[in-house]
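Protein chains: 2
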Amino acid sequence: MRAFLLIAHGSRRTESNEEVFALIESLRPKLESSYDLLQAAFLELCDPGIGAAIDSLIEKGAQEIVILPYFLNQGRHVSEDVPHEILAKQSQHPDLTIKTLPYFGKASQITDIVVKLLAKHDA
Amino acid sequence: MRAFLLIAHGSRRTESNEEVFALIESLRPKLESSYDLLQAAFLELCDPGIGAAIDSLIEKGAQEIVILPYFLNQGRHVSEDVPHEILAKQSQHPDLTIKTLPYFGKASQITDIVVKLLAKHDA
Chain X
1 MRAFLLIAHG SRRTESNEEV FALIESLRPK LESSYDLLQA AFLELCDPGI
51 GAAIDSLIEK GAQEIVILPY FLNQGRHVSE DVPHEILAKQ SQHPDLTIKT
101 LPYFGKASQI TDIVVKLLAK HDA
Chain C
1 MRAFLLIAHG SRRTESNEEV FALIESLRPK LESSYDLLQA AFLELCDPGI
51 GAAIDSLIEK GAQEIVILPY FLNQGRHVSE DVPHEILAKQ SQHPDLTIKT
101 LPYFGKASQI TDIVVKLLAK HDA
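In the order they appear, the protein sequences are chains X and C. Sequential numbering from 1 applies to the first sequence in the working numbering. Sequential numbering from 1 applies to the second sequence in the working numbering.
Read the hints as simulated data drawn from the structure, not as lab findings. It cannot be assumed that every hint is accurate.
Copies of one chain are not kept apart here, so a pair can be met inside one copy or by any two copies together.
[Claimed, not checked] Pairs of lysine-lysine, DSS-like flavour, derived with a Cα cap of 27 Å:
#1 Lys60 with Lys106
#2 Lys120 with Lys30
#3 Lys30 with Lys60
#4 Lys99 with Lys60
#5 Lys106 with Lys30
#6 Lys116 with Lys106
#7 Lys106 with Lys89
Modelling step: build the complete structure from the supplied sequences, incorporating the hints.
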């Protein structure tokens with residue numbers, strides 16, 4: 001079984017965390033042909049944490065987990081905190097295949113989205 | 001004169017802040033017909049701060065500033081901290097036109113980008 005795990009920062013504000021769960025739901029119909037399981041996790045301030053989310057995916061039968069860190073820039077969270085938690089789980093489960101994609105902000109589309117948001121504002 | 005101001009979180013890691021400055025440079029050729037000035041600012045951990053960036057744009061002659069909060073989710077930074085600093089500057093400069101766009105993560109393209117990032121990984 002193959003799982004997709006999106007890792008967001010997490011917030012004290014429920015509205016913020018709910019956006020992440022809503023993103024997972026909007027992804028579900030588009031990813032159901034490639035992924036058996038979709039899951040959100042948070043670095044801090046909201047459950048599930050990264051380790052708990054990976055454990056839950058393993059319990060559900062995941063053998064491969066593809067992870068997208070949902071962050072815009074490569075601060076400490078992206079460069080240290082998130083990889084640290086993933087590595088800890090990988091060493092607990094050496095047979096689990098974990099692939100971590102570049103963080104969201106590396107997407108080549110970012111510049112064009114900003115241009116479009118501004119064009120929409122001017123329209 | 002019309003200015004675009006992108007407000008990012010800011011990081012202790014230089015590499016993270018440099019990404020924001022690089023984003024401004026990648027936007028420059030695409031926005032030069034609509035904006036006379038482009039500027040990055042940071043909520044914390046990197047200069048210029050929001051107030052200093054707005055002051056600098058005013059000094060350069062900006063009469064209208066369009067602001068994009070470069071955040072993925074509506075946590076406290078988006079809902080309180082950034083608006084608070086913008087409002088403080090607006091009350092100091094009542095003749096300045098400031099328009100704050102919805103934060104970046106509200107862009108309708110987000111779901112499709114995630115799908116494309118995963119498809120690229122599988123390719």
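Margin query: Flag every earlier hint the structure violates by its number, smallest first.
Written below: 1
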